[in-house]
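Each chain is listed here by its residues.
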Amino acid sequence: MAVIHDTIAAFELFQPASLEDALALRRKYGKVSWAFAGGLDSLDWFKDRIKRPEVVIDLSGVAEMKGIRESGEGVEIGALTTLTEIASNETIRSKYSLLSEAASQVATPQIRNQSTLGGNLSQDTRCWYYRGGWACYRAGGNICYADTPTSVNREHAIFEANRCVAVNPSDTAPALIVLDAQFVIHGPGGEREVSAEDYFITPATDIRRMTVLGPSDLLTAVRIPGTWSGARFYFEKVRDRQAWDFALVNVASAMKLSGNTIEDARIVVNAVGPRPLRLRDVERQLKGQTATEDVAEAAGELAILGARPLQHNAYKIPLMRNLVRRAIRTEA
Amino acid sequence: MSFFQWAQNPWGQEILVRISWDLFWLALFGGIAFVIGHLVWRSKHKEAPAAESSSPKAAALPERILRHPLGARFFHWSMSAAVFVLLVTGFFPVLGIQFDWVTIHWIAGLVLIGTVVYHIVHATFWQRLGNIWAGPSGMKELRQGLMNALGSAPPPPKPGKYPVEQQLFHHLVALASFGVILTGLLMMVRVENPLFARNPYLLQDSTWGWVYVLHGLSAVGLVTMVIAHVYFAVLPEKRWMTMSMIAGWISKKDFLAHHDPDRWVVTEEAKNP
Numbered sequence: 001m002a003v004i005h006d007t008i009a010a011f012e013l014f015q016p017a018s019l020e021d022a023l024a025l026r027r028k029y030g031k032v033s034w035a036f037a038g039g040l041d042s043l044d045w046f047k048d049r050i051k052r053p054e055v056v057i058d059l060s061g062v063a064e065m066k067g068i069r070e071s072g073e074g075v076e077i078g079a080l081t082t083l084t085e086i087a088s089n090e091t092i093r094s095k096y097s098l099l100s101e102a103a104s105q106v107a108t109p110q111i112r113n114q115s116t117l118g119g120n121l122s123q124d125t126r127c128w129y130y131r132g133g134w135a136c137y138r139a140g141g142n143i144c145y146a147d148t149p150t151s152v153n154r155e156h157a158i159f160e161a162n163r164c165v166a167v168n169p170s171d172t173a174p175a176l177i178v179l180d181a182q183f184v185i186h187g188p189g190g191e192r193e194v195s196a197e198d199y200f201i202t203p204a205t206d207i208r209r210m211t212v213l214g215p216s217d218l219l220t221a222v223r224i225p226g227t228w229s230g231a232r233f234y235f236e237k238v239r240d241r242q243a244w245d246f247a248l249v250n251v252a253s254a255m256k257l258s259g260n261t262i263e264d265a266r267i268v269v270n271a272v273g274p275r276p277l278r279l280r281d282v283e284r285q286l287k288g289q290t291a292t293e294d295v296a297e298a299a300g301e302l303a304i305l306g307a308r309p310l311q312h313n314a315y316k317i318p319l320m321r322n323l324v325r326r327a328i329r330t331e332a
Numbered sequence: 333m334s335f336f337q338w339a340q341n342p343w344g345q346e347i348l349v350r351i352s353w354d355l356f357w358l359a360l361f362g363g364i365a366f367v368i369g370h371l372v373w374r375s376k377h378k379e380a381p382a383a384e385s386s387s388p389k390a391a392a393l394p395e396r397i398l399r400h401p402l403g404a405r406f407f408h409w410s411m412s413a414a415v416f417v418l419l420v421t422g423f424f425p426v427l428g429i430q431f432d433w434v435t436i437h438w439i440a441g442l443v444l445i446g447t448v449v450y451h452i453v454h455a456t457f458w459q460r461l462g463n464i465w466a467g468p469s470g471m472k473e474l475r476q477g478l479m480n481a482l483g484s485a486p487p488p489p490k491p492g493k494y495p496v497e498q499q500l501f502h503h504l505v506a507l508a509s510f511g512v513i514l515t516g517l518l519m520m521v522r523v524e525n526p527l528f529a530r531n532p533y534l535l536q537d538s539t540w541g542w543v544y545v546l547h548g549l550s551a552v553g554l555v556t557m558v559i560a561h562v563y564f565a566v567l568p569e570k571r572w573m574t575m576s577m578i579a580g581w582i583s584k585k586d587f588l589a590h591h592d593p594d595r596w597v598v599t600e601e602a603k604n605p
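So the protein sequences, as listed, match chains P and E. Going by the numbering used here, the first residue of the first sequence is number 1, and it counts up by one from there. Going by the numbering used here, the first residue of the second sequence is number 333, and it counts up by one from there.
No wet-lab data here; the hints were simulated from the structure. Mixed in with the good hints, there may be bad ones.
Claimed, not checked - Once the Cα atoms are required to be at most 25 angstroms apart in a straight line, the calculated SDA-like pairs of lysine to any residue come out as:
1. Lys31/P x Gln340/E
2. Lys51/P x Trp353/E
3. Lys31/P x Trp433/E
4. Lys472/E x Lys570/E
5. Lys47/P x Trp357/E
6. Lys493/E x Val521/E
7. Lys256/P x Glu90/P
8. Lys28/P x Asp58/P
9. Lys31/P x Ser352/E
10. Lys51/P x Lys490/E
11. Lys51/P x Phe336/E
12. Lys47/P x Leu393/E
13. Lys31/P x Trp338/E
14. Lys31/P x Lys570/E
15. Lys31/P x Phe423/E
16. Lys51/P x Trp338/E
17. Lys51/P x Gln340/E
18. Lys51/P x Asn341/E
19. Lys28/P x Ser334/E
20. Lys490/E x Trp357/E
21. Lys28/P x Trp353/E
22. Lys51/P x Ser352/E
23. Lys585/E x Leu393/E
24. Lys51/P x Met471/E
25. Lys66/P x Arg49/P
26. Lys51/P x Arg475/E
27. Lys31/P x Met557/E
28. Lys493/E x Leu517/E
29. Lys31/P x Lys603/E
30. Lys66/P x Lys256/P
31. Lys31/P x Leu588/E
32. Lys51/P x Lys472/E
33. Lys28/P x Leu393/E
34. Lys603/E x Val420/E
35. Lys51/P x Leu393/E
36. Lys584/E x Pro487/E
37. Lys603/E x Phe406/E
38. Lys31/P x Lys472/E
39. Lys28/P x Ile429/E
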């Protein structure tokens, strides 16, 4: 169980000044190392002494992983770029306002000044049984404490639960999936690109991870193509309070319209499952349709098909249905 | 090296969670070590050519003798496929190879159950159970065979349909299979599937720990057994036996070289493969 300590357990700290050095450290220490970016997620774990890495690699000195660069028709964002930078960057605001909107709704201004895009995408789930140090599936045990008749599971999954019912908490992840982003990962095999959608995994694939990142990997950058640049975007995050809170459900969408006809659409919902949920059926249904109230209503109903609520989170079903409906209606 | 993984439950009690994955590596390298050890021994001990049988039954034998009827072959290969899929889906994620394995795993488990049930019925009503049973005389022959391998005893007598090593291997595989099946069926109530209503609280957490441990021990046992089985199957001197699991029959020559016609009484049906 979690015991709050005054001090963090000892670890060896490395502060590489280049990506090459950071990758060498990841390769050398692998599983016993911890990649430390903004520290917002990491310090919680360390202070509760639930995660006790032997080696912490502080990435804050790696200049190659910072900044926003225009590249061809798209843009490349370093994984260490802060959410404040993303929310206020002119290029992002003009071409990909979906992402700046999502970044601006994370937590509080102070946290956004410190937290990074890579951290927001790769953060661990907020399930409090897991974060409280309970020996659940995700922590290496063989049980889910959040899925019992008396569990406090109001924030947990209604889709894709597989033994573990935790959800992905990121706000920027659904926006980047909508924007067709590619995540640049450096690992022992060199550089590789993974689509934003494939970056996130479910417990059926690996119950102890939320992303494809292996113990020696680093997410170094995010590349957004020009595909959806300037489309009509919608982002909405519903949370218990209007700041410093994770999403109960959020929705990100993009549409290309020709007059009032939807030529193409992307809709992704997060905090309803272990990974951001791309609503492909809804996207298919929307293509070629006129964006009307009826179409939005039907899309909302389609979006929630297959939802399986736990004891205390059935409210997420109408919430998700309404968010999808609003995304389409607002864009119309 | 550790044997088990432990965790603390909400009441502060240390409970078993599963086997340590060190045991997987032990089973894997144990199997490889056995193969290497046997190859070394084999290179130094050439098998003497078998003596011709003097049994009067030998003369009446046809050129081909049925060793594995179609039903037995069907069971063997379908079980092999199920076990292969189970091992891949069970252990590849442990090795860090990520894929959506849970559904494939329990479906393969159900296929394994189906094949085992079929085998029990088929073997009970259509085959002689005594052929596969390793009795006390088999143990004596095993001992004599081991002593012979060490050079301190004459070769054991030729076996009936199955040599004692195969009989014992069958019993070990059966034990491990029942282990994974019984525990696997219990574990199915913890995952979403169309057969059982999900109930992770069917058993106490400490009991679940034992279920996971027995499942793991049976599974890593199968790893070693599969390595040994495949190794013997590809050995040149055992190829006649492997081929019989494909074609069903063995030649009269192989029959007389490796079996005692008085102990494996060839039925009329087996004379017409």
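Evaluation of the provided hints:
1. Restraint check for Lys31/P and Gln340/E: satisfied, since their Cα atoms lie roughly 22 angstroms apart, inside the 25 angstroms limit.
2. A threshold of 25 angstroms between alpha carbons decides the hint, and for Lys51/P with Trp353/E the separation of about 20 angstroms falls inside it, so the pair holds.
3. With a C-alpha separation of about 23 angstroms, the suggested pairing of Lys31/P with Trp433/E holds against the 25 angstroms cut-off.
4. Only pairs whose Cα atoms come within 25 angstroms are accepted, and Lys472/E paired with Lys570/E is accepted, the gap being roughly 23 angstroms.
5. Between the alpha carbons of Lys47/P and Trp357/E the distance comes to roughly 34 angstroms, so the proposed pair goes past 25 angstroms and is violated.
6. Of the pairs offered as hints, the one joining Lys493/E and Val521/E is violated, with about 41 angstroms between alpha carbons and a cut-off of 25 angstroms exceeded.
7. Between Lys256/P and Glu90/P the alpha-carbon distance is near 22 angstroms, which keeps this suggested pair within the 25 angstroms criterion.
8. Between Lys28/P and Asp58/P, the direct Cα distance comes to roughly 15 angstroms. Compliance with the 25 angstroms bound is thereby established for this hinted pair.
9. Note on Lys31/P and Ser352/E: the hinted pairing holds, with a Cα-Cα distance of about 17 angstroms set against a maximum of 25 angstroms.
10. For the hint linking Lys51/P to Lys490/E, the alpha-carbon distance of about 61 angstroms lies beyond 25 angstroms, and the restraint is violated.
11. For the suggested pair Lys51/P and Phe336/E, the alpha carbons sit about 21 angstroms apart, so the restraint of at most 25 angstroms is met.
12. At most 25 angstroms may separate the alpha-carbon atoms for a hinted pair to count; Lys47/P and Leu393/E exceed this at roughly 80 angstroms.
13. Among the hinted pairs, Lys31/P with Trp338/E is consistent with the structure: their alpha-carbon atoms are about 20 angstroms apart, no more than 25 angstroms.
14. Between Lys31/P and Lys570/E the CA atoms are separated by roughly 44 angstroms; this puts the pair beyond 25 angstroms, and the hint is violated.
15. Using a Cα cut-off of 25 angstroms, the hinted pair Lys31/P and Phe423/E holds, with the two alpha carbons roughly 19 angstroms apart.
16. Distance check on the hinted pair: Lys51/P and Trp338/E sit about 17 angstroms apart at the alpha-carbon level, within 25 angstroms; holds.
17. With a C-alpha separation of about 15 angstroms, the suggested pairing of Lys51/P with Gln340/E holds against the 25 angstroms cut-off.
18. At most 25 angstroms may separate the alpha-carbon atoms for a hinted pair to count; Lys51/P and Asn341/E meet this at roughly 17 angstroms.
19. At roughly 24 angstroms between alpha-carbon atoms, Lys28/P and Ser334/E fall within 25 angstroms of each other, so this suggested pair holds.
20. For the hint linking Lys490/E to Trp357/E, the alpha-carbon distance of about 36 angstroms lies beyond 25 angstroms, and the restraint is violated.
21. Our distance criterion of 25 angstroms between C-alpha atoms is met by Lys28/P and Trp353/E, whose separation comes to about 22 angstroms.
22. Of the pairs offered as hints, the one joining Lys51/P and Ser352/E holds, with about 20 angstroms between alpha carbons and a cut-off of 25 angstroms not exceeded.
23. About 10 angstroms separates the Cα atoms of Lys585/E and Leu393/E, which keeps this hinted pair within 25 angstroms; it holds.
24. Pair hint Lys51/P plus Met471/E does not hold up; C-alpha atoms about 53 angstroms apart against a cutoff of 25 angstroms.
25. Restraint check for Lys66/P and Arg49/P: the C-alpha separation of about 29 angstroms exceeds 25 angstroms, so the hint is violated.
26. Of the supplied pair hints, the one linking Lys51/P and Arg475/E is violated, its CA atoms being roughly 53 angstroms apart against a limit of 25 angstroms.
27. For a cut-off of 25 angstroms, the pair hint linking Lys31/P to Met557/E is broken: about 31 angstroms separates their Cα positions.
28. About 33 angstroms separates the Cα atoms of Lys493/E and Leu517/E, which puts this hinted pair outside 25 angstroms; it is violated.
29. For the proposed pair Lys31/P and Lys603/E, the alpha carbon gap of about 61 angstroms is over 25 angstroms, so the pair is violated.
30. The suggested pairing of Lys66/P with Lys256/P is violated, with an alpha-carbon distance near 31 angstroms, which exceeds 25 angstroms.
31. At most 25 angstroms may separate the alpha-carbon atoms for a hinted pair to count; Lys31/P and Leu588/E exceed this at roughly 58 angstroms.
32. Using a Cα cut-off of 25 angstroms, the hinted pair Lys51/P and Lys472/E is violated, with the two alpha carbons roughly 56 angstroms apart.
33. The suggested pairing of Lys28/P with Leu393/E is violated, with an alpha-carbon distance near 67 angstroms, which exceeds 25 angstroms.
34. The hinted pair formed by Lys603/E and Val420/E fails the criterion: a straight-line CA distance of about 39 angstroms is larger than 25 angstroms.
35. At roughly 71 angstroms between alpha-carbon atoms, Lys51/P and Leu393/E are farther apart than 25 angstroms, so this suggested pair is violated.
36. For the given pair, Lys584/E sits about 21 angstroms from Pro487/E by alpha-carbon distance, which is consistent with the 25 angstroms threshold.
37. Under the criterion of a C-alpha separation no larger than 25 angstroms, the hint pairing Lys603/E with Phe406/E is consistent with the structure, at around 20 angstroms.
38. With a C-alpha separation of about 51 angstroms, the suggested pair Lys31/P and Lys472/E falls outside the 25 angstroms cut-off, and the hint is violated.
39. This hinted pair checks out: Lys28/P and Ile429/E have alpha carbons roughly 20 angstroms apart, not beyond 25 angstroms.
Hint check: violations occur at hints 5, 6, 10, 12, 14, 20, 24, 25, 26, 27, 28, 29, 30, 31, 32, 33, 34, 35 and 38; the rest are consistent with the structure.
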